[in-house]
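K.L.:
Chain by chain, the residues:
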Amino acid sequence: MILSLISLAALMLGGVLVVLTKGAPVWSARAGVASAVAGCVCGCIAGFQALVGGRTESLEIPWSVPGGALHLALDPLSAVFLIPITGLGALCAIYGAAYFQGHRDAKGVALSWFHYNLLVASMIGVVLARNALLFLVAWETMALASFFLVSFEHGKATVRTAGWIYLIACHLGTAFLLALFAILGERAGSLDFAAMAQSGAALPASVSRWAFVLALLGFGTKAGYIPVHVWLPEAHPAAPSHVSALMSGVMIKTGIYGLLRMLACLGAPAPWWGWCLLGTGLVSGILGVLFALAQHDIKRLLAYHSVENIGIITIGLGVGCIGLSYGAQGVAVLGFAGALLHVLNHAVFKGLLFLGAGAVLHGAGTGDIDHLGGLLKRMPVTGVTFLIGSAAICGLPPLNGFVSEFLIYLGAFQGVASSPGVVVAACVAAIAGLALIGGLAAACFTKAFGVIFLGEPRSEHAVHPHPASPGMRVPMLALAAVCVLIGLSAPVVAPGLANAVAGAMNTPPGAARAGLNAAVSPLAWVVGVSAAGLALILVLAALRKRLLAARTVGAAGTWDCGYVRPTARMQYTASSFAQPVLDVFPLARGTRYRQVQPAGVLPAPVSFSTETKDLFRNRFYEPFFKRTAEVLSWFRRAQHGRVQLYVLYLALALIVLLVFGLK
Amino acid sequence: MNVLSLTTLLLPFVCAPALLGIINKTKAFFAGRKGVPVLQAYFELWKLLHKGAVYSRTTTWVFRAGPMIGLACVMLAAALAPFGGVRSAIAFPCDLILFAYLFGVMRFVTVLAALDTGSSFEGMGASREVAFSALAEPALLVGLAAVARLTGSCSLSDMFSGLSLGTYLHAGPVLVLVGGALLIVFLTENARIPVDDPNTHLELTMIHEVMVLDHSGPDFAFILYGAALKLWVLGSLLIHVVAPVRTGHAGLDIAAALCAMAGLGVLVGIIESCMARLRLVRVPRLLMGAVVLSALAFVLLLR
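Chains A and B supply the protein sequences, listed in that same order.
This note's numbering applies: residue 1 is where the first sequence begins, and numbers increase by one.
This note's numbering applies: residue 1 is where the second sequence begins, and numbers increase by one.
Everything labelled a hint here was simulated from the structure, so no lab data went into it.
Even glycine gets a Cβ: it sits at the ideal position worked out from N, Cα and C.
Errors might be hidden in some of the hints.
[What the hints assert, rightly or not] Restraint-style ranges between C-beta atoms, simulated for each label pair: (1) Leu204/B x Ala568/A: 35 to 41 Å; (2) Phe13/B x Val463/A: 18 to 24 Å; (3) Val266/B x Ala518/A: 40 to 46 Å.
[Stated by the list, open to error] Some chain A residues close to chain B (C-beta under 8 Å, calculated; not the full set): (4) Ala9; (5) Met12; (6) Trp63; (7) His171; (8) Thr174; (9) Ala175; (10) Leu178; (11) Ala179; (12) Leu396; (13) Leu440; (14) Ala531; (15) Gly533; (16) Ala542; (17) Arg544; (18) Leu548; (19) Ala555.
One chain only, chain B, in its complex shape:
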């Protein structure tokens, strides 16, 4: 492992919470507010890590293990994802399956921790989460399969270093379609508008937030940090498909990817400022749309 891959390995762990700050700043700008500082998420993590915890008497060890296992999974996924054309710390053929399934494990433990509280609100969130992610999964994997077909390899690192802005010349529509599908998956998996509203205050309408209502203290810090990392990791997947900048100089590539991540934060902020949350019954249609986009991208490659 050289210096570059060490840098890209550490980047998500350091920068991920800042992405949340960028999104919130953008939303504040659109609302004409000053908004919380960009580094607010770090302060919150720090505060939570120094608090005690309250556990429901209904809960078991499953509730306590959930946040730890969830965070461990997303940290591993971060180590699997390449950044800025640099190979990831862990890369092997078909690592994208493990990548997708690590999020599966994270979801499994989060949902079980939610059901462990015996609260109907958390059950509600859990039920919606599994319903939507079951549809997001094929969209993600078929989208990635299209990229694998395009680049002729099935390791995330090789796939993304095989893409460049030049790819737009011969396979532009594929990248755009996969990008569209991945954007929908990204918004769904990270519980953003139009699927879920991170700022809602009504338990009945939440999905992700309601599943973690009962967590507190360090457990909740793990969950927040895990969510920030997930936002970063899935976002990096998206920007590497849509904006594969390859200058030949690793430092410049990483800088470009960082700019793209910031741009993605702004984009999410804009989407959240301009759109309302979809009605829950409409969300599956959006996700099926994502599956169709991925499949369409694949059809274009079937030559």
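Next comes chain A alone, as it looks inside the complex:
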């Protein structure tokens, strides 16, 4: 606990220092980065201690605010979220320092570190808070700090729009949470989470039902479930890349954390909760990856992929809850464990991919995939780390993404092989969904990596990109190493989650440990097979080298089917690559094609472009808010700026109140 408090203090003091020294922006920024890294390292150590030790440390200080004490605690469940928050927080700070090097707005950069430190501190606050009021304060601080970071380049209109959408979405989400905490707090007689958990067991179904729906909507908005995900593809591309990495990698996970924490306060889960989570997960996962496929802005694509991964996490939670409510303990443990591990894994590979996207954006000056190409030769480190991240996010063995998906699959197959009917139906839905998501994710990331890094440059942007500076390369290399490391140490990592899984399921750790031990042997086999595969690849490489040693190895142009003047513009683009997949799913097809056809004997220049806007934003939110604005604009008649009339309103209001008062 001491360490996590030191971490919070370092982050906050660093933030204050940034503001105090803003006269010397360079030093101010350095102070911000240094304190962020120092604070995060302390926090990360505290997280590991709590996760491995399995103890809960808490701090309770009475305060004058109603509804309980200032209560902070670090238990294994919080630790699972604390570790990625602080780990990624430190790496993104190092990256950000290099990313902002030589930025023309030095003062803005310095101030952004204040918001960065505040964001990390508030995220730590969210996972440590054990009092609803404290939680909400941290939650709001997190929203505001990230709002300022998103609107860092507020000179651009698109960034401002993105910022506003984000701010509104955040506050609508918080509105649901206020209602949730009011209901639970009123029942428990205190705003302390421990009191809420105690009264939760006796909660009548009519109350817990609504509490669950409120939690799902409120936390789901932050997590980015479809259809409340609309802020995500707007805000993430607008923010500076290291902030996008932090937001996408860990901030949206605080939604998952909140959901888990509240589930523990609602008593035994009703069966339909599990189904609801599973359905939400499947919809978010499948639609998220389909929308991602349709994008050709790299950061927008990654943002939609976060929706997909949140979907995978929720599929795991759904399987876990269904297992829990039908008494299939083994299935439940593996479902929750897969979900929690995916929280960690997604932070690692999505952080890596956003940092890679930032390096591309920084180096080539554009994030439009269709204008890039051939960057692997020009930016080898970014390319290789991006490839590792891509393979990990597609869930390919032996990387970390596979391990967490494997745990969910393991739970689902255990359910399929030996459970009564209802659980089986849920499990097979999870299996089919994960398989489809995996296939589509592979399509999406072969597209992203293939079009950005392979082939020939499609425009001038990609011909001479600046290589990433060492400060940007080190965090990417570190995250790529973690992807491999978690993948290869899976048999050790999975049982290490037992305490956190027990916390999420509200069961003693023994049961969770037993459930996870069942996964150790398959995971060991997976690692063994991966090692054998690596050896096999080396053998084949040696064989190939020997075979080619004595023979001619020529170099030529790519086979062009006899065409004499091929150009780089003729390569397949992101849009053309994704088109066959998108054609299969008409539901997700909101793609607008704009083309100028060649006409006449001497045709004028022709063009073709595609754009896929968010289906929900276009069809639902925009009409909805437009209509609301229309209705509410009626009140504008009363707001015309004439002081005399305002005085009249005051007088009228007073008279009405007086009349009521006299009655």
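Following the hints, complete the assembly by docking chain B onto the known chain A.
P.N.:
Here is chain B on its own, set in the frame of chain A:
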């Protein structure tokens, strides 16, 4: 590892290219030709292994690593798949997930190697490959989940040794439905008619073949051998569901499975002789059909 599992481990590596020969012989028979020898694929591999290579100047190490990683993956998958009721060399709970994902890795590297050439033809093939396999994946896993439900275990070896011809008596429709789904997955994943035509000469219409246009020499040998192994491994999955012959004698079981594999080769040859390739826009419907068959098989087991 005893002699039997060693034998079944080596079988695919030795026999896989012959399956291609059987398919081609059948097609030649239907066309009234004599056809190439059954062992033609071995000769071709031998020839390719002794050639030099030509690389496009656009390509990077990804292009060179693709065939090696692809072949390694399918070799591991072959070691995971049981044959003729004998346990596979590597068997553990839920190994079928790793089995399916190894093919995922193979596809990932093949597609990237294709995109590395910067050719629009190869991009075209890659794009179709990922589109179709994304739909084939759920069909395969749900189909296997149905077998897992039927046999109460989720390791490939236990699943297939739990099946026998007697299973047809109480769960015949399940086996037939899963078999149908797996046949479609098998034809899709191995780029056979009606999804893809291995003999086409027009780059615009190809899927798998066009992705490997630029590979040559030993790299291409790795790809051909990998494709033959994949045909064998996925085929063995299919025949173990449809024709689970269990006599109680391991040698006889293996012999029966070998006969079934040859039969599968003939069946593919017949399909390719009697059918034309589907239009590309129709292929997803076929694959959705496979998903539906698998799901239907599962529904029958939900009792």
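K.L.:
Are the hints correct? Go through all of them and say.
P.N.:
Against the structure, the hints come out as follows:
1. Leu204/B x Ala568/A: 35 to 41 Å: Once the Cβ atoms are compared, 20 Å apart, the range 35 to 41 Å for Ala568/A and Leu204/B is violated.
2. Phe13/B x Val463/A: 18 to 24 Å: violated (45 Å)
3. Val266/B x Ala518/A: 40 to 46 Å: With a Cβ separation near 43 Å, Val266/B and Ala518/A satisfy 40 to 46 Å, so the hint holds.
4. Ala9: Cβ of Ala9/A sits 45 Å from chain B, so the hint is violated.
5. Met12: With a minimum Cβ separation of about 44 Å from chain B (threshold 8 Å), the hint on Met12/A is violated.
6. Trp63: With a closest approach of 50 Å, the Trp63/A hint is violated.
7. His171: violated (37 Å)
8. Thr174: violated (37 Å)
9. Ala175: violated (38 Å)
10. Leu178: violated (40 Å)
11. Ala179: With a minimum Cβ separation of about 38 Å from chain B (threshold 8 Å), the hint on Ala179/A is violated.
12. Leu396: Check passed: Cβ of Leu396/A comes within 5 Å of chain B, closer than 8 Å.
13. Leu440: holds (5 Å)
14. Ala531: violated (11 Å)
15. Gly533: This hint holds: Gly533/A lies near chain B, its Cβ roughly 5 Å from the closest one there, short of 8 Å.
16. Ala542: Result: violated, 10 Å to nearest chain B Cβ.
17. Arg544: Nearest chain B Cβ about 5 Å off; hint holds.
18. Leu548: holds (6 Å)
19. Ala555: holds (5 Å)
The earlier numbered hints that this structure contradicts are 1, 2, 4, 5, 6, 7, 8, 9, 10, 11, 14 and 16.
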